[in-house]
Amino acid sequence: MSGRSGDMAVDYSIDELMVTALAAHFVDGDQACNGMASFIPVAAFMLARMTHAPELIWIASSVGLEPRPKRIPASTLEAALWRDSIMYIDQYTDFWNLVLNGRWITKFCVGAAQMDCHGNVNNSVIGDDYHRPEVRLPGTAGLADLCSIGKDLYYWHPDHSPRSFVEKVDFISGAGYLGGGDARARLGLGGGPQAVVSNLAVMDFHPESRRMRLKSVHPGVTVEQVRAATGFELMMPEGALPETASPTPPQLQLIREVIDPDGMRKSGFRTRVTS
Amino acid sequence: MSGRSGDMAVDYSIDELMVTALAAHFVDGDQACNGMASFIPVAAFMLARMTHAPELIWIASSVGLEPRPKRIPASTLEAALWRDSIMYIDQYTDFWNLVLNGRWITKFCVGAAQMDCHGNVNNSVIGDDYHRPEVRLPGTAGLADLCSIGKDLYYWHPDHSPRSFVEKVDFISGAGYLGGGDARARLGLGGGPQAVVSNLAVMDFHPESRRMRLKSVHPGVTVEQVRAATGFELMMPEGALPETASPTPPQLQLIREVIDPDGMRKSGFRTRVTS
Amino acid sequence: MQEKATSIEKAVGLIRNGDVVALQNMATQAAPMALVREMIRQQKRSIGLVVLVGGIAVDWLAAAGVIDRLIGAAVSMEQFGLCQQYRAGVEAGRIRVEELSESLLNARLGAGARQLPFLPSRGAIGTDLVAQNPDNLRMMDDPFGGRAVVACRALVPDVALVHAHRADRFGNVQYEPTAMWPDLAVMPYAARRVLVTAEEIVDSEILRRHPERTVLPGFMVDAVVEVPFGAHPTSFFPAYGYDECFHRAWTEISRDAGRTAAFVDNQLRTPRSQAEYLEAAGGEQMLTRIRARESTGG
Amino acid sequence: MQEKATSIEKAVGLIRNGDVVALQNMATQAAPMALVREMIRQQKRSIGLVVLVGGIAVDWLAAAGVIDRLIGAAVSMEQFGLCQQYRAGVEAGRIRVEELSESLLNARLGAGARQLPFLPSRGAIGTDLVAQNPDNLRMMDDPFGGRAVVACRALVPDVALVHAHRADRFGNVQYEPTAMWPDLAVMPYAARRVLVTAEEIVDSEILRRHPERTVLPGFMVDAVVEVPFGAHPTSFFPAYGYDECFHRAWTEISRDAGRTAAFVDNQLRTPRSQAEYLEAAGGEQMLTRIRARESTGG
Numbered sequence: 258m259s260g261r262s263g264d265m266a267v268d269y270s271i272d273e274l275m276v277t278a279l280a281a282h283f284v285d286g287d288q289a290c291n292g293m294a295s296f297i298p299v300a301a302f303m304l305a306r307m308t309h310a311p312e313l314i315w316i317a318s319s320v321g322l323e324p325r326p327k328r329i330p331a332s333t334l335e336a337a338l339w340r341d342s343i344m345y346i347d348q349y350t351d352f353w354n355l356v357l358n359g360r361w362i363t364k365f366c367v368g369a370a371q372m373d374c375h376g377n378v379n380n381s382v383i384g385d386d387y388h389r390p391e392v393r394l395p396g397t398a399g400l401a402d403l404c405s406i407g408k409d410l411y412y413w414h415p416d417h418s419p420r421s422f423v424e425k426v427d428f429i430s431g432a433g434y435l436g437g438g439d440a441r442a443r444l445g446l447g448g449g450p451q452a453v454v455s456n457l458a459v460m461d462f463h464p465e466s467r468r469m470r471l472k473s474v475h476p477g478v479t480v481e482q483v484r485a486a487t488g489f490e491l492m493m494p495e496g497a498l499p500e501t502a503s504p505t506p507p508q509l510q511l512i513r514e515v516i517d518p519d520g521m522r523k524s525g526f527r528t529r530v531t532s
Numbered sequence: 258m259s260g261r262s263g264d265m266a267v268d269y270s271i272d273e274l275m276v277t278a279l280a281a282h283f284v285d286g287d288q289a290c291n292g293m294a295s296f297i298p299v300a301a302f303m304l305a306r307m308t309h310a311p312e313l314i315w316i317a318s319s320v321g322l323e324p325r326p327k328r329i330p331a332s333t334l335e336a337a338l339w340r341d342s343i344m345y346i347d348q349y350t351d352f353w354n355l356v357l358n359g360r361w362i363t364k365f366c367v368g369a370a371q372m373d374c375h376g377n378v379n380n381s382v383i384g385d386d387y388h389r390p391e392v393r394l395p396g397t398a399g400l401a402d403l404c405s406i407g408k409d410l411y412y413w414h415p416d417h418s419p420r421s422f423v424e425k426v427d428f429i430s431g432a433g434y435l436g437g438g439d440a441r442a443r444l445g446l447g448g449g450p451q452a453v454v455s456n457l458a459v460m461d462f463h464p465e466s467r468r469m470r471l472k473s474v475h476p477g478v479t480v481e482q483v484r485a486a487t488g489f490e491l492m493m494p495e496g497a498l499p500e501t502a503s504p505t506p507p508q509l510q511l512i513r514e515v516i517d518p519d520g521m522r523k524s525g526f527r528t529r530v531t532s
Numbered sequence: 423m424q425e426k427a428t429s430i431e432k433a434v435g436l437i438r439n440g441d442v443v444a445l446q447n448m449a450t451q452a453a454p455m456a457l458v459r460e461m462i463r464q465q466k467r468s469i470g471l472v473v474l475v476g477g478i479a480v481d482w483l484a485a486a487g488v489i490d491r492l493i494g495a496a497v498s499m500e501q502f503g504l505c506q507q508y509r510a511g512v513e514a515g516r517i518r519v520e521e522l523s524e525s526l527l528n529a530r531l532g533a534g535a536r537q538l539p540f541l542p543s544r545g546a547i548g549t550d551l552v553a554q555n556p557d558n559l560r561m562m563d564d565p566f567g568g569r570a571v572v573a574c575r576a577l578v579p580d581v582a583l584v585h586a587h588r589a590d591r592f593g594n595v596q597y598e599p600t601a602m603w604p605d606l607a608v609m610p611y612a613a614r615r616v617l618v619t620a621e622e623i624v625d626s627e628i629l630r631r632h633p634e635r636t637v638l639p640g641f642m643v644d645a646v647v648e649v650p651f652g653a654h655p656t657s658f659f660p661a662y663g664y665d666e667c668f669h670r671a672w673t674e675i676s677r678d679a680g681r682t683a684a685f686v687d688n689q690l691r692t693p694r695s696q697a698e699y700l701e702a703a704g705g706e707q708m709l710t711r712i713r714a715r716e717s718t719g720g
Numbered sequence: 423m424q425e426k427a428t429s430i431e432k433a434v435g436l437i438r439n440g441d442v443v444a445l446q447n448m449a450t451q452a453a454p455m456a457l458v459r460e461m462i463r464q465q466k467r468s469i470g471l472v473v474l475v476g477g478i479a480v481d482w483l484a485a486a487g488v489i490d491r492l493i494g495a496a497v498s499m500e501q502f503g504l505c506q507q508y509r510a511g512v513e514a515g516r517i518r519v520e521e522l523s524e525s526l527l528n529a530r531l532g533a534g535a536r537q538l539p540f541l542p543s544r545g546a547i548g549t550d551l552v553a554q555n556p557d558n559l560r561m562m563d564d565p566f567g568g569r570a571v572v573a574c575r576a577l578v579p580d581v582a583l584v585h586a587h588r589a590d591r592f593g594n595v596q597y598e599p600t601a602m603w604p605d606l607a608v609m610p611y612a613a614r615r616v617l618v619t620a621e622e623i624v625d626s627e628i629l630r631r632h633p634e635r636t637v638l639p640g641f642m643v644d645a646v647v648e649v650p651f652g653a654h655p656t657s658f659f660p661a662y663g664y665d666e667c668f669h670r671a672w673t674e675i676s677r678d679a680g681r682t683a684a685f686v687d688n689q690l691r692t693p694r695s696q697a698e699y700l701e702a703a704g705g706e707q708m709l710t711r712i713r714a715r716e717s718t719g720g
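Protein chains in written order, with our numbering: chain L, 258 to 532; chain V, 258 to 532; chain X, 423 to 720; chain W, 423 to 720.
Bound-form chain L, shown alone (with noise of 0.2 Å):
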């Protein structure tokens, strides 16, 4: 791919501007954790802490404070990426009482193999027999705490489909704005998704029908492609729709040589996408 910033035009693969895609919605004094499997996100919040986020604090693997991995390791839940850090968190305690807290751990990232038009998220399993079903799925892990616990909830997803942006998931693993409307607030539910970054676009909520509406689509995408890849009818803006910003090529740079030097940003991506 490639697009511009500022007057530069920069090669970058769609990997790397979804790492800065998502590392534009943490700012200074967020509080961020991650599990496993989670390399695009773990990529955007060393890079936000890098440039315009140094004081975003990030937990790795929800056990190490303000740690200094020397690179991604191939695991976000391994050592390797909570080497050096400043406290390890006790998992059964404080962890938790971190995470069912409103105060702390204030945004997530959530990954998950389905996501529907309100925000809910499956990672359990798909079909419609719960004891028999078309494909077992890993499990909700921490997912379906960390949603409903009044944390904004920010998605990233490396393949934009109909089979993984479906109208209704096949079970709620994670629940996002569940039947839409106020039906997330009616349940004492606080915080809720935000934003979605996939493959193609970035994706917000209208904030009344809490469906998922366009919000950008990436530069070369366009939006008959975006609506072509999502099984339910998206949202549009009101007004132009602009594209999303490119990487710069200092946050490449930091990205490649610094940050994720192995590339493990890009697994999980059907096909591997190089500038």
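Don't read these hints as lab results, they were simulated from the structure. Idealized CB from N, CA, C, for every residue including glycine. A hint or two may mislead.
Each pair of labels, with its calculated beta carbon distance range [to be verified]:
1. D341(V) - R569(W): 44 to 52 Å
2. R614(W) - G384(V): 43 to 51 Å
3. M561(W) - P464(L): 26 to 34 Å
4. D386(L) - S626(X): 50 to 58 Å
5. P556(X) - D557(W): 30 to 38 Å
Once you have looked at the hints, place chains V, X and W on chain L.
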């Protein structure tokens, strides 16, 4: 005081007799912990572990597993008691996991200002008005928990008097047999008071009425003295009333020279009884 | 990371009159005494104190008229006896007590830490603690048909006060290996603000050597102040033991209103710094005594 | 202290067919794999597995027909993908899954550890996890009028399986400073029996040097067995990393029924000792690789 051990006359003080009488209730495999100002129980645990119950498990100060204190220090809650432990037990989760689970810490020694005929104890207030008491006592600390969670309870009291042994406590800070009979069992509470070791006698509880009952009198003490010092009608055992066993010379040597050379066990007694 | 190092005056300035203040303490151990003295100096009023097993700190706060209510499991200086000033305050009706067992207090604070409305316990069932506290403790049935429990209502203190072995200036707080009393694990997580004193403020690199000893993340801490011997006269294992002479003197003084008032003025309010306070409390000779290995049990 | 050291055969002999077995594991980390293999060798059947985030251990147990139900939050080998044998078992209806979020699983086990009938959470409200599991999860009102919670019914596994860095022969179990995943803090406390493997069995004096690192008291442990590299092929920080080659080989093998059966026989059932197993898994060269500092992140 003096008594006989086998065919030997021995001199001992009442605190030493209370230590041996309490120690006699602990056997291999029991699990015990202690709180603050618990010199008699701590001496009893240490003595039992050195003599008849080497496999008595002891969590010193509810912190240190299998400690090796040099001797009983001036506090039974401070670090000197849990010296050289094999494990520091985390207090927020692990220790309360143990306490609240009836399988662990199977016996507990209860000390309190007041106890009544059904083994309820009061360490909270003397007087009728809870919010303007005649005497504000220290408070229940962990007593209320340990008394309600299926532990076998062993009481010690260095000052057997009508003020401390009362028909009904002013405030139940630790549940004994409540109103007696099956009142405790009806609330689903297992365990309960097993024995009381005072400076005059050893008592237990009638298996049906759950009233306190004389079990043995200490050498040199008469039944009438015990009755006069008790603020309710003490039940008498069927059959003969035995005399509490005197400490043996090896027990006394351990208590005086190894376990408690500083005589901490004598604190809490109204009159320091010396041999 | 955000700067949290400040003066003790500014730290305690974050406490408002009427606040509910949770105080780390276990009888003669580990109380943040410098913060307590600063509360007295700033003449805080109508403070509700939350404490697991309070010691001399509670007695000083009672003597100085700072507290008018207490939520806790016990107040005792163990070998040094009852806290006389606290006791007099309760008996006169000036201090109102909500007595909880340790498991019930842990449950109330634990619910606060997790923004749960309540947590259950099976402790204290059958006692008058439950019977006389319907606002915060209720027997409830198990929805699955098992045994009844005591529901313990969430408690969220306004402020938690902590003393630690070391911290960095960003509020990351570290403890040496020692008994971790439950209050440290839950009070800061439950409270709205957290004030910390530490024996020393060190470079963050020092903390990174032992991340498993860090007990509070900097983002949870509002203020951190370096106060050597900041737990005196309570013990702070393995750094130092309790000050026996000081405790013993207080047990005498606290039985007399005039001597108590003089003590509060001279020993607690007058010293302008930790150094002055320690000098008045016995100076280097006293410090040598409490640092002695035997006294800490090490 | 009572002797708990025994052989792996006798330890696993304490597991009965039909038991609910709680397994320490976090994706590619810290699973007691030697105990898992011995379960396969002893042909345990109808086992219900409790796991926070299960990895290759779950896949092996599924491949060998040991488990017929699973209670857990996720099953994944992270970078090595889904567990194919487990997945096939579930999709064919041979393994029944009770999926819980981490906070709900912690609450169920935490209630079991404390003999409470339930513990509440606010996690997973609104999800189908709650809706489709009325036996163990129920929405309930707060008795004090606050927000509703999910009551999570107590779960008491028959057995908990743990791997640790060291232990003494009395079952006191110690961990090196590292991530303490929640399963280690609660599964052994909740379970009726606890079986432990340790990298080394040492004299108790060694444990006494760092009592703060001891995570399980000997009286809670039923059997302890020395098994060097007992977590292989999962990682056991800081001792060694996960075995990438071995995981990668399994992801290929596990897609094929014949190769899977051969693997279970040759690699899991046939080796008569840990030494034989490690030799078959790559021997000293493999051990050097997983011990490398880079692989453990140290």
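Taking the hints in turn, this is what the structure says about them:
| no. | hint | result |
| --- | --- | --- |
| 1 | D341(V) - R569(W): 44 to 52 Å | 47 Å, holds |
| 2 | R614(W) - G384(V): 43 to 51 Å | 46 Å, holds |
| 3 | M561(W) - P464(L): 26 to 34 Å | 27 Å, holds |
| 4 | D386(L) - S626(X): 50 to 58 Å | 53 Å, holds |
| 5 | P556(X) - D557(W): 30 to 38 Å | 32 Å, holds |
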